[in-house]
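Chemist: The opening position of the sequence shown corresponds to residue 0 in numbering that gives the first Met the number 0, with each subsequent residue numbered one higher.
These are calculated hints, taken from the structure and not from any lab test. On a predicted model such as this, the values are computed, not experimentally measured, just so you know. Virtual Cβ for every residue (Gly too), placed ideally from N, Cα, C. The reader is advised that the hints may include incorrect statements.
Unchecked claim - Quick list of the computed label-pair ranges, beta carbon to beta carbon:
(1) Val-65 x Ser-33: 17 to 23 Å
(2) Leu-56 x Pro-80: 51 to 57 Å
(3) Tyr-39 x Ala-84: 38 to 44 Å
(4) Cys-60 x Trp-25: 15 to 21 Å
(5) His-109 x His-74: 23 to 29 Å
(6) Gln-1 x Ser-79: 42 to 48 Å
(7) Thr-138 x Ala-63: 23 to 29 Å
(8) Leu-67 x Arg-14: 28 to 34 Å
(9) Gly-75 x Gln-1: 50 to 56 Å
(10) Val-65 x Val-100: 16 to 22 Å
(11) Ser-33 x Ala-92: 38 to 44 Å
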Amino acid sequence: MQQSSAIALTAMPERTGHHLRQYLRWMRGSTIRSLWRSRYLPLTHPAYIAQLLCWFLQLVCTGAIVWLAVLHALHGSAPSPWVLAVPLALGYAQALRYLTVRRDDETTAHQVGTWLLTPVALLWAATVLRCVRWYAVLTCARIRWGTRGDGPEVALPVPA
Numbered sequence: 000m001q002q003s004s005a006i007a008l009t010a011m012p013e014r015t016g017h018h019l020r021q022y023l024r025w026m027r028g029s030t031i032r033s034l035w036r037s038r039y040l041p042l043t044h045p046a047y048i049a050q051l052l053c054w055f056l057q058l059v060c061t062g063a064i065v066w067l068a069v070l071h072a073l074h075g076s077a078p079s080p081w082v083l084a085v086p087l088a089l090g091y092a093q094a095l096r097y098l099t100v101r102r103d104d105e106t107t108a109h110q111v112g113t114w115l116l117t118p119v120a121l122l123w124a125a126t127v128l129r130c131v132r133w134y135a136v137l138t139c140a141r142i143r144w145g146t147r148g149d150g151p152e153v154a155l156p157v158p159a
């Protein structure tokens, strides 16, 4: 049974190390599911095609980021403003959904402030999390609960 109007909120870790281990665990799981799809789904299945497209986009985006970094290092010039403006505009547009859910534990000012920090999140995802994702792909066989040894790494507020 599914509930189409259900909303799930992820409890994010409060420390950077905890966040990186959580993301690593998620990306290892994602890689394993991707390998399963590649092995068992027919080549014409929409999920197989979507999986191939995701991997293609991951490779292209990583290549573009590395290419831009190398060009910047070699020439010392800043990239075109469009190279930065387009991902920023798309990121802000995608993050608009964050403003559509009214939460009891968050003020409107906090929601807007978080949305305004979208460039920081984009930079974090394009650099640090992209490297963690590729590391997860290479180490996906290490399937253990790497972040759960000392219990949960998130603190949930106690309802009043």
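Chemist: Hint by hint, note whether the structure agrees.
Modeler: Hint by hint, here is what the structure shows:
1. As the Cβ distance of Val-65 to Ser-33 is approximately 22 Å, the hint placing it in 17 to 23 Å holds.
2. In this structure, Leu-56 and Pro-80 break the distance hint of 51 to 57 Å, their C-beta atoms being roughly 23 Å apart.
3. Distance hint for Tyr-39 and Ala-84: a CB-CB separation of about 41 Å, consistent with the stated range 38 to 44 Å.
4. At about 18 Å, the CB distance of Cys-60 to Trp-25 agrees with the hint of 15 to 21 Å.
5. For the hinted restraint 23 to 29 Å between His-109 and His-74, the CB-CB distance of approximately 41 Å leaves it violated.
6. A hinted range of 42 to 48 Å for the beta carbons of Gln-1 and Ser-79 is consistent with their spacing of about 44 Å.
7. Distance hint check for Thr-138 and Ala-63: the Cβ-Cβ separation is about 24 Å, which falls inside the suggested range of 23 to 29 Å.
8. At about 30 Å, the beta-carbon gap between Leu-67 and Arg-14 stays in the expected band of 28 to 34 Å.
9. Checked against the hint of 50 to 56 Å, the pair Gly-75 and Gln-1 passes, with Cβ atoms roughly 54 Å apart.
10. The hint said 16 to 22 Å for the Cβ distance between Val-65 and Val-100, and at roughly 35 Å that hint is violated.
11. For Ser-33 paired with Ala-92, a C-beta distance near 26 Å fails the hint of 38 to 44 Å.
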